[in-house]
Amino acid sequence: GDSVTQMEGPVTLSEEAFLTINCTYTATGYPSLFWYVQYPGEGLQLLLKATKADDKGSNKGFEATYRKETTSFHLEKGSVQVSDSAVYFCALLYNFNKFYFGSGTKLNVKP
Amino acid sequence: DAGVTQSPTHLIKTRGQHVTLRCSPISGHKSVSWYQQVLGQGPQFIFQYYEKEERGRGNFPDRFSARQFPNYSSELNVNALLLGDSALYLCASSLSGTQDEKLFFGSGTQLSVL
Numbered sequence: 001g002d003s004v005t006q007m008e009g010p011v012t013l014s015e016e017a018f019l020t021i022n023c024t025y026t027a028t029g030y031p032s033l034f035w036y037v038q039y040p041g042e043g044l045q046l047l048l049k050a051t052k053a054d055d056k057g058s059n060k061g062f063e064a065t066y067r068k069e070t071t072s073f074h075l076e077k078g079s080v081q082v083s084d085s086a087v088y089f090c091a092l093l094y095n096f097n098k099f100y101f102g103s104g105t106k107l108n109v110k111p
Numbered sequence: 001d002a003g004v005t006q007s008p009t010h011l012i013k014t015r016g017q018h019v020t021l022r023c024s025p026i027s028g029h030k031s032v033s034w035y036q037q038v039l040g041q042g043p044q045f046i047f048q049y050y051e052k053e054e055r056g057r058g059n060f061p062d063r064f065s066a067r068q069f070p071n072y073s074s075e076l077n078v079n080a081l082l083l084g085d086s087a088l089y090l091c092a093s094s095l096s097g098t099q100d101e102k103l104f105f106g107s108g109t110q111l112s113v114l
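Chains as they are written, first to last, in my numbering: chain W, 1 to 111; chain F, 1 to 114.
In case anyone wonders, no lab produced these hints; they're calculated from the structure. Fair warning: this is a prediction, and the values are worked out from it, not measured in the lab. Beta carbons: idealized from backbone N, C-alpha and C, even for Gly. Incorrect hints may have been included.
[Stated by the list, open to error] Every beta carbon over 12 Å from chain F, so not counted as near; a handful from chain W, in silico:
1. L13
2. E15
3. E69
[Stated by the list, open to error] Cut-off 25 Å, straight-line C-alpha distance, at most; resulting in silico cross-link-like pairs (BS3-like, lysine-lysine):
4. W/K56 - F/K102
5. F/K102 - W/K60
6. W/K60 - W/K106
7. F/K52 - W/K98
8. F/K102 - W/K98
9. W/K49 - F/K30
10. F/K102 - W/K77
11. W/K56 - W/K68
12. W/K98 - W/K56
Modelling step: build the complete structure from the supplied sequences, incorporating the hints.
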């Protein structure tokens, strides 16, 4: 069945370091792919999305490219800030009404 | 404008009891989805409702049920609670629940079953 696998955390980085959080998916057909972020005590917020192969989603300095050949949607940011500390979820939307979420990767950014 | 609001924010129940969780979508949104997020895991899809009708259901037992009201608010009901039902229950709303549409999540109801 459809599923999402993302790298386990926590990931601890110093401020201004480069971030990569890996995400791979298994799906039949052509799902849309998303990254959501969950700050402490808050609900999930959409960070970025890509709806077809080779699309690049970007927001707030974060980027992810929909790679159909490797079934991946890795999240990257060139220079992280302390305020980026949160849990990041990779998600797949298929059949228009159901999200499959990965297990989340906690990011800790130290000053 | 208010975002997605859920009540209560925290709840403690004992095994075998019943619980009702409530969700008010963003004004103008007609679709509501429910997700269960167990500690350390990603959210799992439970239900989606649109215009008061169930549009999708995840792999949850019949002890879980939901409904949507004419004002588009929604309730999630869980009967015969088990310890494993302890989780953060998230509600999300969208305009019409179609693919690629942006979901807006509430902050959730933290349910603890003792």
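Here is how each hint holds up against the structure:
1. Every CB of chain F lies more than 12 Å from the CB of W/L13, the least distance being 21 Å, so the non-interface label holds.
2. Even its closest Cβ contact with chain F, about 26 Å, leaves W/E15 beyond 12 Å, as expected for a residue assigned away from the interface.
3. Distance check on W/E69: its Cβ is at least 22 Å (rounded) from any Cβ of chain F, clearing the 12 Å threshold; non-interface status holds.
4. For the given pair, W/K56 sits about 17 Å from F/K102 by alpha-carbon distance, which is consistent with the 25 Å threshold.
5. Restraint check for F/K102 and W/K60: the C-alpha separation of about 17 Å stays at or below 25 Å, so the hint holds.
6. Between W/K60 and W/K106 the alpha-carbon distance is near 18 Å, which keeps this suggested pair within the 25 Å criterion.
7. About 17 Å separates the Cα atoms of F/K52 and W/K98, which keeps this hinted pair within 25 Å; it holds.
8. This hinted pair checks out: F/K102 and W/K98 have alpha carbons roughly 12 Å apart, not beyond 25 Å.
9. Pair hint W/K49 plus F/K30 holds up; C-alpha atoms about 22 Å apart against a cutoff of 25 Å.
10. Taking the CA atoms of F/K102 and W/K77, the gap is near 22 Å; set against the 25 Å cutoff, the hint holds.
11. Simply put, W/K56 and W/K68 have alpha-carbon atoms about 12 Å apart, close enough for the 25 Å limit, and the pair holds.
12. Among the hinted pairs, W/K98 with W/K56 is consistent with the structure: their alpha-carbon atoms are about 22 Å apart, no more than 25 Å.
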